[in-house]
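Engineer: Let the hints inform the model, and build the full structure from the sequences given.
Here the protein sequences come in this chain order: A and B.
Going by this note's numbering, the first residue of the first sequence is number 1, and it counts up by one from there.
Going by this note's numbering, the first residue of the second sequence is number 446, and it counts up by one from there.
Careful: at least some of the hints might be erroneous.
[Claimed, not checked] Just so you have them, the derived chain B footprint on chain A, three or more residues with Cβ under 8 Å:
#	segment
1	68–75
2	84–90
[Claimed, not checked] Each computed DSBU-like pair below joins lysine-lysine, with the alpha-carbon atoms no more than 30 Å apart:
#	chain 1	residue 1	chain 2	residue 2
3	A	K236	A	K351
4	A	K369	A	K332
5	B	K586	A	K39
6	A	K236	A	K383
7	A	K68	B	K460
8	B	K764	B	K607
9	B	K656	B	K568
10	A	K369	A	K68
11	A	K369	B	K650
12	B	K587	A	K41
13	A	K375	A	K72
14	A	K68	B	K466
15	B	K587	A	K68
16	B	K460	A	K72
17	A	K332	A	K18
18	B	K650	A	K375
19	A	K330	A	K72
20	B	K587	A	K72
21	A	K375	B	K656
22	A	K209	A	K407
23	B	K466	A	K72
24	A	K209	B	K568
25	A	K73	B	K587
26	B	K650	A	K72
27	B	K656	A	K39
28	A	K375	A	K389
29	A	K369	A	K209
30	B	K568	A	K18
31	A	K341	A	K312
32	A	K332	A	K240
33	B	K607	B	K650
34	A	K330	A	K236
35	B	K466	A	K369
36	B	K656	A	K68
37	B	K568	A	K369
38	A	K72	B	K507
Hint data in this document are derived by calculation from the structure and do not stem from the laboratory.
Cβ coordinates follow ideal geometry from the N, Cα and C atoms, glycine included.
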Amino acid sequence: MTYNERLQNVAVLGAAGKMGSGILLLTAVHMADLSLQNKDKTYVLYAVDVSDKALTGLMDYLRVQVRKLAEKKTNWLREIYADREDLIENFDIIDEYIFHVLSIVRPVTAVEAAYGSSLVFEAVNENRALKVKLFTQIHENNKNDVWFFTNTSSVPIHLIDEEANLGGSVIGFHFYNPPAVQRLVELIKTDNTKQEVVDFAYDFAKSLKKIIVPSNDFAGFIGNGHFMRDGLHGMKEAEKLAAEKNIPLYQAIYMINKITQEYLIRPMGIFQLMDYVGVDVMQFILNVMNPFVSDEELHSDLLDKMMEQGVKGGQFSSGAQKDGFLKYEKGKPVAVWDVDKQAYVAFDDFKAAADTMLGEIPSTVVPWKATLRMKNKEEFFGKFYNDLKNTETLGAEIAMRYGKRSKAIGEKLVSDNVANNADDVNTVMLTGFYHAYGPINNYFE
Amino acid sequence: MAAGYNTISLGTGRKEFNPRKPRPGIEHYIKEAGQGVLEQIGGAKNVDESVIGNFMAGRFNKQGHLDGFIPMIDKGLSMKPAVRVEGACASGGLSLVTGIRQVLAETAEVVLSLGFEVQNTVKAIYGADILAMAGWFKNRKKGHAYFFPGQFSDRAGAYYEKYGFDRTRKGMARWYANAIENARLDPTAQEYHNATPDPYATALKMQPNGKFFVDHLTVLDCSKVSDAASGITICSEEGLERMGIDKKDAVEVVGFGHAVRDITSDPTDLTELETIKYAAHQALESAGITIDQVGTVETHDCFSIAGILAVEALGLAAKGEGADYVAEGKTGRDGELPFNTTGGLIGWGHPTGGTGVHQAVTIWQQLTGKAGDAQINISDDRPYGLTINMGGDDVTVTSIVFKRG
Chain A
1 MTYNERLQNV AVLGAAGKMG SGILLLTAVH MADLSLQNKD KTYVLYAVDV
51 SDKALTGLMD YLRVQVRKLA EKKTNWLREI YADREDLIEN FDIIDEYIFH
101 VLSIVRPVTA VEAAYGSSLV FEAVNENRAL KVKLFTQIHE NNKNDVWFFT
151 NTSSVPIHLI DEEANLGGSV IGFHFYNPPA VQRLVELIKT DNTKQEVVDF
201 AYDFAKSLKK IIVPSNDFAG FIGNGHFMRD GLHGMKEAEK LAAEKNIPLY
251 QAIYMINKIT QEYLIRPMGI FQLMDYVGVD VMQFILNVMN PFVSDEELHS
301 DLLDKMMEQG VKGGQFSSGA QKDGFLKYEK GKPVAVWDVD KQAYVAFDDF
351 KAAADTMLGE IPSTVVPWKA TLRMKNKEEF FGKFYNDLKN TETLGAEIAM
401 RYGKRSKAIG EKLVSDNVAN NADDVNTVML TGFYHAYGPI NNYFE
Chain B
446 MAAGYNTISL GTGRKEFNPR KPRPGIEHYI KEAGQGVLEQ IGGAKNVDES
496 VIGNFMAGRF NKQGHLDGFI PMIDKGLSMK PAVRVEGACA SGGLSLVTGI
546 RQVLAETAEV VLSLGFEVQN TVKAIYGADI LAMAGWFKNR KKGHAYFFPG
596 QFSDRAGAYY EKYGFDRTRK GMARWYANAI ENARLDPTAQ EYHNATPDPY
646 ATALKMQPNG KFFVDHLTVL DCSKVSDAAS GITICSEEGL ERMGIDKKDA
696 VEVVGFGHAV RDITSDPTDL TELETIKYAA HQALESAGIT IDQVGTVETH
746 DCFSIAGILA VEALGLAAKG EGADYVAEGK TGRDGELPFN TTGGLIGWGH
796 PTGGTGVHQA VTIWQQLTGK AGDAQINISD DRPYGLTINM GGDDVTVTSI
846 VFKRG
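Structural biologist: Following this line, the structure appears as structure tokens:
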């Protein structure tokens, strides 16, 4: 089966979810483009999800997003539709293209739709049993040589392969959120994964203009392997700070969030990032990962408490941030959750005192955004963190410790053979998490 | 002509422009420009007839029958004649020459001439479709997604090939820099807030890239997508007296040209704007003057290459030397012959159907000393101003010669 043939009948499981909808969009557009260049072939993409309501929302999302993509490649579309005399204006051409992409997509609630597919993307919940059940069912009923691309960010792929009896036809193809924007894909093959599946995965990623980083098949892989431990460290630092300085935990959370954003020069603080991912998702992933590690405990009582109190973060379907550790107004954090009183406390109530405790940040600091186009990044970070090292403030002390811990996490991913090398760890954090510098560096020595 | 008025030119570049927020509609612009004129002329009672120029409200705003908006400006305009004219981006110029003819025909002593366009209602990729209607629709299919940038890209490409790329790009970069520097002096200009430290270097550095836009132009070579309106009165001496306006606050129309080329035929020479050449010479001839008596020019620089080609069409430089003429600073505000002193279409903005009227308002401001910070020195031996307003790819052109009142 050629690359093109493989993509003639595809299914996305969990297509209406946060990740699934992005995967569906990218795949639908890629398939539509192939079909426009191979007009004698039929292309079908099943969008499988559990509710009709969610699938209706998915189709609305697709229509809007495909238009945006089409508007960016109108020149190409004009060439592709050059022989269609009825399509003259950009208006006509873009509308036709949107219609074409949507006509490839079949929204369905029945998983049986995937029985005829040659390729199945899976983006359902991080529930191993569910994934295995779906794959087993499809594999048993599918007469094609069907391949499975799972978007799991934590479940070891070899377990899915074994439990669903897939014979090496499964690979981890882990997009980052949102898939339509983030360029990183973590690729996880097992010892059993067929080489042709791997080759196809590379070709597919290339077509989607994605950057592939191979990760070995250990729960959490590189991205979550780093982020989960980084998040746990953040929560531990907050608890430690609260105890040592005898301040409320919520204030300590604010301070650690500030340090991780402003001192570590990251796009957002660690607690904001945990809210972005979702407290529930984070807890879920930790639960998946923890049984597979023996030398550490990937668990947080604080997360459990947040879940018990129903404070989960995550995003609304509009993409707006839900309240979690922090409360948001117009996307910006303004208050922090007090687990004792079970209410948000406005930053304004304690910010001045907290900032004073942290002390002055060296004046050479710049916001994360300003580092994006910086040409001499290494020189800048080398100097800034040297300044920070020589600053005797509480903020500097915690930040230095954080930077070292982040590096240790990265190095352990390499020594544990999750990542093949330090560059891969850094690439994941740079492209998947938009860090300004990779965690494996010498800035915090 | 007297009592000119420009609204601001709203679009990218203006601080108050936010594409995601609702903006004023055509009613706002027509009313503001119309009332801005009426306030200077003693009210609507002094207007005999009105002309409104607009290109594509039918598609940008889903609105036709535009003369019906004239009485909305002021009840005093109700039951008076009004007409809408359209000639693509020369619609504003047509509004002016229509008014001039009405006065010359003595059917009116005072004509209110308006021009407007509100274009930011659609994204640029769709706006390109709408503006493409200034070309022959049968050519649309084979044209570029950005149709008009594509047309003028072909002209620029032909010019590069004939006369040299680097040399031409220097002229085009200087044209852009002049536009920005002039626009910064006019608070109504779309690039008024532009703070680029070195516009010339920025424009020179940016290379055309057909993958992202068109082959031979950068976005800095293009005029703006604008929402704006302009208004002015065209009147006889009796009309001026009736409005109570002193002659020193008015400009005299001493000649004009108006020519149209067959829209279904391609230009004979891509490196020449033949209709502009024809109409501008007609204007100068009818005024009985030569270009060296002109103190300032407002030309239709929908693209920087069109500015350079207009310099050649006016005979200021030989063919192939217009780029050098511009590069040497001769069209700058302190140059030999200042062009587009409030930024032109690239700097002030290009509300397509309003541009022709805006050009007349700028000339009126300069010749009557009302140009504020953008004021240039008009010497007594060169008391004339000239406008060139073009519709489509050198299809419809109006050109007017003005003299200090």
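Engineer: Decide, hint by hint, whether the structure agrees.
Structural biologist: To see whether the hints hold, each was checked on the structure:
{"no.": "1", "hint": "68–75", "result": "holds (count 3)"}
{"no.": "2", "hint": "84–90", "result": "holds (count 4)"}
{"no.": "3", "hint": "K236(A) with K351(A)", "result": "holds (21 Å)"}
{"no.": "4", "hint": "K369(A) with K332(A)", "result": "holds (15 Å)"}
{"no.": "5", "hint": "K586(B) with K39(A)", "result": "holds (21 Å)"}
{"no.": "6", "hint": "K236(A) with K383(A)", "result": "holds (28 Å)"}
{"no.": "7", "hint": "K68(A) with K460(B)", "result": "holds (25 Å)"}
{"no.": "8", "hint": "K764(B) with K607(B)", "result": "holds (10 Å)"}
{"no.": "9", "hint": "K656(B) with K568(B)", "result": "holds (19 Å)"}
{"no.": "10", "hint": "K369(A) with K68(A)", "result": "holds (25 Å)"}
{"no.": "11", "hint": "K369(A) with K650(B)", "result": "holds (24 Å)"}
{"no.": "12", "hint": "K587(B) with K41(A)", "result": "holds (27 Å)"}
{"no.": "13", "hint": "K375(A) with K72(A)", "result": "holds (28 Å)"}
{"no.": "14", "hint": "K68(A) with K466(B)", "result": "holds (19 Å)"}
{"no.": "15", "hint": "K587(B) with K68(A)", "result": "holds (23 Å)"}
{"no.": "16", "hint": "K460(B) with K72(A)", "result": "holds (25 Å)"}
{"no.": "17", "hint": "K332(A) with K18(A)", "result": "holds (21 Å)"}
{"no.": "18", "hint": "K650(B) with K375(A)", "result": "holds (18 Å)"}
{"no.": "19", "hint": "K330(A) with K72(A)", "result": "holds (28 Å)"}
{"no.": "20", "hint": "K587(B) with K72(A)", "result": "holds (19 Å)"}
{"no.": "21", "hint": "K375(A) with K656(B)", "result": "holds (25 Å)"}
{"no.": "22", "hint": "K209(A) with K407(A)", "result": "holds (29 Å)"}
{"no.": "23", "hint": "K466(B) with K72(A)", "result": "holds (22 Å)"}
{"no.": "24", "hint": "K209(A) with K568(B)", "result": "holds (26 Å)"}
{"no.": "25", "hint": "K73(A) with K587(B)", "result": "holds (16 Å)"}
{"no.": "26", "hint": "K650(B) with K72(A)", "result": "holds (24 Å)"}
{"no.": "27", "hint": "K656(B) with K39(A)", "result": "holds (25 Å)"}
{"no.": "28", "hint": "K375(A) with K389(A)", "result": "holds (23 Å)"}
{"no.": "29", "hint": "K369(A) with K209(A)", "result": "holds (24 Å)"}
{"no.": "30", "hint": "K568(B) with K18(A)", "result": "holds (27 Å)"}
{"no.": "31", "hint": "K341(A) with K312(A)", "result": "holds (17 Å)"}
{"no.": "32", "hint": "K332(A) with K240(A)", "result": "holds (26 Å)"}
{"no.": "33", "hint": "K607(B) with K650(B)", "result": "holds (22 Å)"}
{"no.": "34", "hint": "K330(A) with K236(A)", "result": "holds (29 Å)"}
{"no.": "35", "hint": "K466(B) with K369(A)", "result": "holds (25 Å)"}
{"no.": "36", "hint": "K656(B) with K68(A)", "result": "holds (17 Å)"}
{"no.": "37", "hint": "K568(B) with K369(A)", "result": "holds (27 Å)"}
{"no.": "38", "hint": "K72(A) with K507(B)", "result": "holds (25 Å)"}
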